[in-house]
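Line by line, the protein sequences give chains C and Y.
Throughout, our numbering is defined as the position within the first sequence, counted from one, plus 7.
Throughout, our numbering is defined as the position within the second sequence, counted from one, plus 9.
Since the hints were derived computationally from the structure, they do not count as laboratory data.
Positions of the beta carbon are idealized from the N, C-alpha and C atoms, including for glycine.
Please note that the accuracy of each hint is not assured.
Just some of the chain C residues that point at chain Y, by a computed CB distance under 7 Å [claimed, not checked]:
| # | residue |
| --- | --- |
| 1 | Gly67 |
| 2 | Lys69 |
| 3 | Lys112 |
| 4 | Ala113 |
| 5 | Phe290 |
Straight-line distance between alpha carbons at most 27 Å, and here's what the computed BS3-like set of lysine-lysine pairs gives [to be verified]:
| # | chain 1 | residue 1 | chain 2 | residue 2 |
| --- | --- | --- | --- | --- |
| 6 | C | Lys112 | C | Lys69 |
| 7 | C | Lys307 | C | Lys283 |
| 8 | Y | Lys254 | C | Lys314 |
| 9 | Y | Lys244 | C | Lys183 |
| 10 | C | Lys61 | C | Lys20 |
| 11 | Y | Lys178 | Y | Lys254 |
| 12 | C | Lys313 | Y | Lys115 |
| 13 | Y | Lys254 | C | Lys69 |
| 14 | C | Lys112 | Y | Lys117 |
| 15 | C | Lys183 | Y | Lys178 |
| 16 | Y | Lys178 | Y | Lys154 |
| 17 | Y | Lys11 | C | Lys283 |
| 18 | Y | Lys11 | Y | Lys60 |
| 19 | Y | Lys224 | C | Lys136 |
| 20 | Y | Lys254 | C | Lys283 |
| 21 | Y | Lys244 | Y | Lys11 |
| 22 | C | Lys69 | C | Lys183 |
| 23 | C | Lys307 | Y | Lys63 |
| 24 | C | Lys23 | Y | Lys224 |
| 25 | Y | Lys224 | C | Lys276 |
| 26 | Y | Lys254 | C | Lys136 |
| 27 | C | Lys276 | C | Lys314 |
| 28 | Y | Lys115 | Y | Lys11 |
| 29 | Y | Lys178 | Y | Lys115 |
| 30 | Y | Lys117 | C | Lys307 |
| 31 | Y | Lys11 | Y | Lys63 |
| 32 | Y | Lys254 | C | Lys313 |
| 33 | Y | Lys115 | Y | Lys154 |
| 34 | Y | Lys63 | Y | Lys224 |
| 35 | C | Lys136 | Y | Lys235 |
| 36 | C | Lys23 | C | Lys283 |
| 37 | Y | Lys63 | C | Lys314 |
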Amino acid sequence: MSTIAFIDTRGDKLPKAAQEAVTYASQLAGGPITAITFGDAQGLEALGANGAKKVIVARGVKAVDSQQLAKLVCDVAAAEGATSIVCVHDATGKAVAPRVAARLKAGLVAGATGLPEGNRFRRNVFSGKARAWVEVSSAVKVISLSPNSIAIANTGGSAAVEEFNGDLGAARITVKELRKAGSGVPLPEAELVVSAGRGMKGPEHWAPVEELAQLLGAATACSRPVADMHWRPHHEHVGQTGVAIRPNLYIAIGISGAIQHLAGVNQSKVICVINKDPEAPFFKAADYGIVGDAFEVLPKLIEAAKKLNAER
Amino acid sequence: MKILVLLSQVPDTTARIAFTNGDTQYDGNGVTFIMNPYDEWYALVRALELKEAKGSGSVTTITVGGADTEATIRKGLAIGADEAVRIDAQPTDAMQVAELIAGWAKDKGFDLVLAGKETIDHNSGVVGAMVAELLDMPYVPLASKLDVSGDSATIERDVPGGVEVLEVKLPFALSAAKGMAEQRIPNMRGIMAARTKPLQVVAGGAVSNAASTVKFELPPAKGAVKMIPADEAGKLIELLHTEAKVI
């Protein structure tokens, strides 16, 4: 019985989802585990604090090449005799985990939301409107973990980092270009999100939304119509057709809460809705609500956030 | 260019969510079923656009399910697919769906396999990648643009903080997300033509049984919303700090 975790460690610091997957794998194993990653990340020793004893890194492999990455995971799984393989349910994991499962004829839990009860894992279905229990009966299990499903362990310690030197075959997908669009916290990683919709009346009115987000250390997001009208960039669009997120806090300003929008955000731990229409359906899904005009409410929130920041 | 589009039938977005048979199955009683929107709007329509732009090739749809999916499959033909395949099976896991599709497709020489980014019922988004693995094809998840020129394709996809532009040689598979294409409404000519287009039914074969969904449940009911008067809006920040403890 051995457990391994495949994680994406790209970025300036260790992504939250990577630390969650290592924490999850080590809790599943009941002890330290081997983590597998790729690319040029440095400081991987720090994953020891989350429960990794060893990190195997394949330099020079791209996130998009799921065939090479699946071979990497399968090779390490074979060498370690792994019976549980934990991935992250993100764009990279959604390609690698199913490939590994198909290659090993292993049962896959796509988007687990917690530790199992016996061989049963819980996941969200129907866009968060229901949950399903998946029973895995194969000897090897592949579990891709939904972001924000587990508290990151921080036990201290340092992991040994090893370079992977095996043959992963030729890359079959070429990355031609990465067109950067803005900076700040990537949405799927964000613990706090401030989101706004058509109620803002135009892109020129976004400054207070951005100011509130900045004061709270939150990422900004938007509804579909706002992205479709090019008021905000497409990667900020949360909802069924955009990005699905599950942050600790989601503040929705001037968004009515259509079922398609809710599908992308209803897993957020705390939802605050600010809308001038008291009948907006979003209030039914909210923990806190304010009926009021965004342009009157936002300055009050900004003032309170400044006060809070000054106190801590 | 031979294109295979994976089509699923799902309950309508606004359908009631309830379960039956001791919470082991979705209760489809009185529910309207539709073509999975991502399969329809993004994958199928883009496949048709590529074929039309090239002026040659074929678009085949494949669905795993019972005879009750045939109205949905005919809609795919009405939108413009050339032929359809239904594998007659009742899978309990994504891997079973992928094995059945790959088993049928493996010697058919498809250049492109297009799936929607996920189905709106199971939300797994993994069948496309499994089919790609079983057919030994490269796979790009969550593609928002696809253009094919000769034997290679240019693909765009949204990644955190930007857009990634990729190049890949045919054959390959991808899952289609928003941006790929616009919805197409079948016209009367398409609906008439669909009646006589081939819909082949294939018996489902042996599949692995490594995982299965054994039980469904509804999430716990949400507590009542706490309303804060607009002129005391600043209180929200206080409550998020002291009560909800999220900031």
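Against the structure, the hints come out as follows:
The restraint placing Gly67 of chain C at the interface with chain Y is violated, with a minimum CB-CB distance near 17 Å, outside the 7 Å limit. Interface hint status for Lys69 of chain C: violated, as the beta-carbon distance to the closest one in chain Y is roughly 9 Å, over 7 Å. Among the interface hints, the one on Lys112 of chain C holds; its C-beta lies about 5 Å from the nearest C-beta in chain Y, closer than the 7 Å criterion. Hint on Ala113 of chain C holds. Least Cβ distance to chain Y is approximately 6 Å, under the 7 Å limit.
Contact between Phe290 of chain C and chain Y, as hinted, is supported at the beta carbon level, the nearest pair being about 6 Å apart and thus within 7 Å. Distance hint between Lys112 of chain C and Lys69 of chain C is fulfilled; the C-alpha atoms sit about 25 Å from each other, no more than 27 Å. Between Lys307 of chain C and Lys283 of chain C the alpha-carbon distance is near 15 Å, which keeps this suggested pair within the 27 Å criterion. About 16 Å separates the Cα atoms of Lys254 of chain Y and Lys314 of chain C, which keeps this hinted pair within 27 Å; it holds.
With a CA separation close to 49 Å, the supplied pair Lys244 of chain Y and Lys183 of chain C exceeds the 27 Å bound. Note on Lys61 of chain C and Lys20 of chain C: the hinted pairing holds, with a Cα-Cα distance of about 18 Å set against a maximum of 27 Å. Annotation: proposed proximity of Lys178 of chain Y to Lys254 of chain Y is violated, straight-line Cα distance about 50 Å (limit 27 Å). Simply put, Lys313 of chain C and Lys115 of chain Y have alpha-carbon atoms about 61 Å apart, too far for the 27 Å limit, and the pair is violated.
Our distance criterion of 27 Å between C-alpha atoms is broken by Lys254 of chain Y and Lys69 of chain C, whose separation comes to about 38 Å. Only pairs whose Cα atoms come within 27 Å are accepted, and Lys112 of chain C paired with Lys117 of chain Y is accepted, the gap being roughly 23 Å. Taking the CA atoms of Lys183 of chain C and Lys178 of chain Y, the gap is near 13 Å; set against the 27 Å cutoff, the hint holds. Restraint check: the Cα-Cα separation between Lys178 of chain Y and Lys154 of chain Y comes to about 15 Å, which is no more than 27 Å; the hinted pair holds.
Restraint check for Lys11 of chain Y and Lys283 of chain C: the C-alpha separation of about 52 Å exceeds 27 Å, so the hint is violated. Distance hint between Lys11 of chain Y and Lys60 of chain Y is fulfilled; the C-alpha atoms sit about 9 Å from each other, no more than 27 Å. Between the alpha carbons of Lys224 of chain Y and Lys136 of chain C the distance comes to roughly 14 Å, so the proposed pair stays at or under 27 Å and holds. With a C-alpha separation of about 26 Å, the suggested pair Lys254 of chain Y and Lys283 of chain C falls inside the 27 Å cut-off, and the hint holds.
A threshold of 27 Å between alpha carbons decides the hint, and for Lys244 of chain Y with Lys11 of chain Y the separation of about 60 Å lies outside it, so the pair is violated. About 12 Å separates the Cα atoms of Lys69 of chain C and Lys183 of chain C, which keeps this hinted pair within 27 Å; it holds. The hinted pair formed by Lys307 of chain C and Lys63 of chain Y fails the criterion: a straight-line CA distance of about 57 Å is larger than 27 Å. A threshold of 27 Å between alpha carbons decides the hint, and for Lys23 of chain C with Lys224 of chain Y the separation of about 30 Å lies outside it, so the pair is violated.
The suggested pairing of Lys224 of chain Y with Lys276 of chain C holds, with an alpha-carbon distance near 24 Å, which does not exceed 27 Å. A hinted pair counts as satisfied when its Cα atoms are at most 27 Å apart, and Lys254 of chain Y with Lys136 of chain C qualifies at roughly 25 Å. Distance check on the hinted pair: Lys276 of chain C and Lys314 of chain C sit about 24 Å apart at the alpha-carbon level, within 27 Å; holds. Restraint check for Lys115 of chain Y and Lys11 of chain Y: satisfied, since their Cα atoms lie roughly 13 Å apart, inside the 27 Å limit.
Restraint check for Lys178 of chain Y and Lys115 of chain Y: satisfied, since their Cα atoms lie roughly 18 Å apart, inside the 27 Å limit. Taking the CA atoms of Lys117 of chain Y and Lys307 of chain C, the gap is near 63 Å; set against the 27 Å cutoff, the hint is violated. For the hint linking Lys11 of chain Y to Lys63 of chain Y, the alpha-carbon distance of about 11 Å falls within 27 Å, and the restraint holds. Our distance criterion of 27 Å between C-alpha atoms is met by Lys254 of chain Y and Lys313 of chain C, whose separation comes to about 17 Å.
For the proposed pair Lys115 of chain Y and Lys154 of chain Y, the alpha carbon gap of about 26 Å is at most 27 Å, so the pair holds. Distance hint between Lys63 of chain Y and Lys224 of chain Y is unfulfilled; the C-alpha atoms sit about 46 Å from each other, more than 27 Å. With a CA separation close to 22 Å, the supplied pair Lys136 of chain C and Lys235 of chain Y stays within the 27 Å bound. Using a Cα cut-off of 27 Å, the hinted pair Lys23 of chain C and Lys283 of chain C is violated, with the two alpha carbons roughly 35 Å apart.
Taken as a hint, the Lys63 of chain Y and Lys314 of chain C pair is broken in the structure, with Cα atoms around 61 Å apart against an allowance of 27 Å.
Violation of the numbered hints given earlier is confined to hints 1, 2, 9, 11, 12, 13, 17, 21, 23, 24, 30, 34, 36, 37; the remaining hints are satisfied by the structure.
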